[in-house]
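Student: Start from the sequences, fold in the hints, and give me the full structure.
2 protein chains.
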Amino acid sequence: MSRTLNSTPRLDGFRMPGEFEAKKGCWLGWPERSDVWRNGGKPAQKIWVNICTAIAQSEPVTVCASAQQYENARAMLPENIRVVEMSTNDAWFRDSGCAFVVNDRGDVRGTDWTFNAYGGLDGGLYFPWDKDDKIAQKMLELEGLDRYRSPLIAEMGGIQCDGQGTILTTEQCLLNKNRNAHLGKEKVEELLCDYLGAEKVIWLPRGCKFDETDGHIDDLACWVAPGELLLQWTDDETDPQYEIYQEAFKILSNTTDAQGRKIIIHKLPQPAALEWTNEEAAGLDAVVGTHERLAGTKICASYINYYIGNSVVVVPSYDDPMDKPAQEILQKVFPNHQVISINNAREILLGGGNVACITQPQYAGPAQ
Amino acid sequence: MSRTLNSTPRLDGFRMPGEFEAKKGCWLGWPERSDVWRNGGKPAQKIWVNICTAIAQSEPVTVCASAQQYENARAMLPENIRVVEMSTNDAWFRDSGCAFVVNDRGDVRGTDWTFNAYGGLDGGLYFPWDKDDKIAQKMLELEGLDRYRSPLIAEMGGIQCDGQGTILTTEQCLLNKNRNAHLGKEKVEELLCDYLGAEKVIWLPRGCKFDETDGHIDDLACWVAPGELLLQWTDDETDPQYEIYQEAFKILSNTTDAQGRKIIIHKLPQPAALEWTNEEAAGLDAVVGTHERLAGTKICASYINYYIGNSVVVVPSYDDPMDKPAQEILQKVFPNHQVISINNAREILLGGGNVACITQPQYAGPAQ
Chain A
-16 MSRTLNSTPR
-6 LDGFRMPGEF
4 EAKKGCWLGW
14 PERSDVWRNG
24 GKPAQKIWVN
34 ICTAIAQSEP
44 VTVCASAQQY
54 ENARAMLPEN
64 IRVVEMSTND
74 AWFRDSGCAF
84 VVNDRGDVRG
94 TDWTFNAYGG
104 LDGGLYFPWD
114 KDDKIAQKML
124 ELEGLDRYRS
134 PLIAEMGGIQ
144 CDGQGTILTT
154 EQCLLNKNRN
164 AHLGKEKVEE
174 LLCDYLGAEK
184 VIWLPRGCKF
194 DETDGHIDDL
204 ACWVAPGELL
214 LQWTDDETDP
224 QYEIYQEAFK
234 ILSNTTDAQG
244 RKIIIHKLPQ
254 PAALEWTNEE
264 AAGLDAVVGT
274 HERLAGTKIC
284 ASYINYYIGN
294 SVVVVPSYDD
304 PMDKPAQEIL
314 QKVFPNHQVI
324 SINNAREILL
334 GGGNVACITQ
344 PQYAGPAQ
Chain B
-16 MSRTLNSTPR
-6 LDGFRMPGEF
4 EAKKGCWLGW
14 PERSDVWRNG
24 GKPAQKIWVN
34 ICTAIAQSEP
44 VTVCASAQQY
54 ENARAMLPEN
64 IRVVEMSTND
74 AWFRDSGCAF
84 VVNDRGDVRG
94 TDWTFNAYGG
104 LDGGLYFPWD
114 KDDKIAQKML
124 ELEGLDRYRS
134 PLIAEMGGIQ
144 CDGQGTILTT
154 EQCLLNKNRN
164 AHLGKEKVEE
174 LLCDYLGAEK
184 VIWLPRGCKF
194 DETDGHIDDL
204 ACWVAPGELL
214 LQWTDDETDP
224 QYEIYQEAFK
234 ILSNTTDAQG
244 RKIIIHKLPQ
254 PAALEWTNEE
264 AAGLDAVVGT
274 HERLAGTKIC
284 ASYINYYIGN
294 SVVVVPSYDD
304 PMDKPAQEIL
314 QKVFPNHQVI
324 SINNAREILL
334 GGGNVACITQ
344 PQYAGPAQ
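Protein chains in written order, with my numbering: chain A, -16 to 351; chain B, -16 to 351.
In case anyone wonders, no lab produced these hints; they're calculated from the structure.
As the structure is a prediction and not an experimental result, all values here were calculated from the model.
It is possible that part of the hints are untrue.
Identical chains blur together in the list; that is why a pair holds if it fits in one copy or across any two.
In the SDA-like style, the derived pairs of lysine to any residue whose C-alpha atoms are separated by at most 20 Å in a straight line are [claimed, not checked]:
| # | residue 1 | residue 2 |
| --- | --- | --- |
| 1 | Lys7 | Gly127 |
| 2 | Lys281 | Gln51 |
| 3 | Lys168 | Gly335 |
| 4 | Lys25 | Ser133 |
| 5 | Lys245 | Ala265 |
| 6 | Lys25 | Gly335 |
| 7 | Lys315 | Asn161 |
| 8 | Lys245 | Asp(-5) |
| 9 | Lys192 | Gly106 |
| 10 | Lys250 | Asp87 |
| 11 | Lys245 | Met305 |
| 12 | Lys168 | Thr36 |
| 13 | Lys25 | Asp303 |
| 14 | Lys29 | Asn327 |
| 15 | Lys114 | Asp177 |
| 16 | Lys250 | Ser324 |
| 17 | Lys307 | Glu226 |
| 18 | Lys170 | Glu258 |
| 19 | Lys7 | Leu128 |
Tutor: Next up, the structure:
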């Protein structure tokens, strides 16, 4: 039974874990729409299968595919991956899916944020987004887990939790006038803490440049342990992201987390930004209301945008000189995980995000 | 994980239980199509909710609703009923859903029959039926249970298992040229026993008159225990069903089940057949390929078409003088179950079936 609760996770003693905590499974959608995914989604689906297969080594994977794509997804994916039917507007389950929260007794529930496709009618990436705003509820219904519905317009790609009371996010995203500007910073902080069971919000002014989501944190920085962050980095002062990284570093170096700890920052080198080729752009359907990607459009690439499972770290690679150094750093940060590199992750990034953006971890809750 | 197996339940030591055996849950669809369900399905949906609510007293209920009807089904159904998204052609899960089979260790798998909407292009009730033929696979995928795919064109509404090796069915249905006539009786028997883990098939020549399904057994007779049957009945020699009941009685009285037992037959009085009114017929959309129901069209009604759960028997009632006597007999036959009468079940029957037709029990398997 999945009840819709009128209280909040914080009131009920639930919290969003850090993404390095124990998982029961992982949820993904399935790329299909031909105005977002080039060549009818075929190149992206191939990489999707590789990502799902890598994660399934670590925990059970559920892929939600539309009625039209169900048979194809079932045929392309290995048998150990569960395929369920679900109608969606697009496939960014980190953002449209529910945020699982846990309590100390091992109970699991979910926060269902209001979703508006990254800005609604004011710069959103596609229209409509009615089906995506139902995904969280459908996931919780499938699992028989209780649901909190948050009035905040938010995507989990824009929010990083350390699992011990600290939230890291950007003003560019959550305080954007196309999200929650009308509520004011204080009220947004309160709702974030209420619906994620946290105590403190660390604000960065902005996310990476060439990020279509209005500055999602999951291309810029992420917790790897309580009190410990990875931060995307370049030492090239001429790079368009340089100032953004400097700004973030300064703020993160001069604050403490909810537990009063100074934060350890690991720098992770950045790959070059992606630039749409003529051939790639020609593979998209033109649809009014969908964010336009022309030849030459840039999208920010990142190694921060990985998925961490119970035993694997699945990280995009871009045929970039930084692929290897980044993987080596990740392996050092997570010595007990197998780092799996996903070749040609460019095909996912062309859609506007990467491995983190398409995955939603279902937390197991602490062992009872 | 749901694997598709190349063997058969019989080979692997699995059998279909009798429907009086322990259940883990019950599956239903959701009525919606306006060429089958009058007034856009609204009257049927109301009764559907009552049926689901009654069954949910006994075991967990899952309702599979289309993307279009998901929100409405979720709003109409009580919170303790799970609603999952699934595209279907119509809502007869007894027939389109999978037949759950169990082994002695408590493992559960499913048989996925080939489905052709009760006769395909030769007298079938609707076109197309592609989505309905996927329902069984989707159910098993959701549950992570292994699947057998049977080449036999069959619906479980046309088949009755006693759980101890005996199958009861009709020639009119399974040997119909619009189902499996081309295979021959012997091969059909073999496939039935292979995919249901049985040893003996008892054939009745035909099912009830005014039954749109080509003689489904689930309006005529059903096992209530091994060696014990309920048989629909009338003593009125002028009734169009009279001869059919006599014929069935004679055959069932002169045979033995797979265990060599003579069969005890309980007679259950029949309600009057339904006849479509002008007003009801006016509430249907006209669609080429859908079985036509005009004012005056008759559909056979039955109390045999009940659902038996772990603790309840949910039986249709028709505002018929036989409602009460039939319920009293059922209560005697199942003294440990609560008999729940569903008022205005006519709204389900107008679609072409009743409580048994819209429900698919998921067996628990014997306790380990």
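Student: Would you pick out the hints that fail for this structure and give their numbers low to high?
Tutor: 2, 3, 4, 5, 7, 8, 10, 11, 12, 13, 15, 17 and 18
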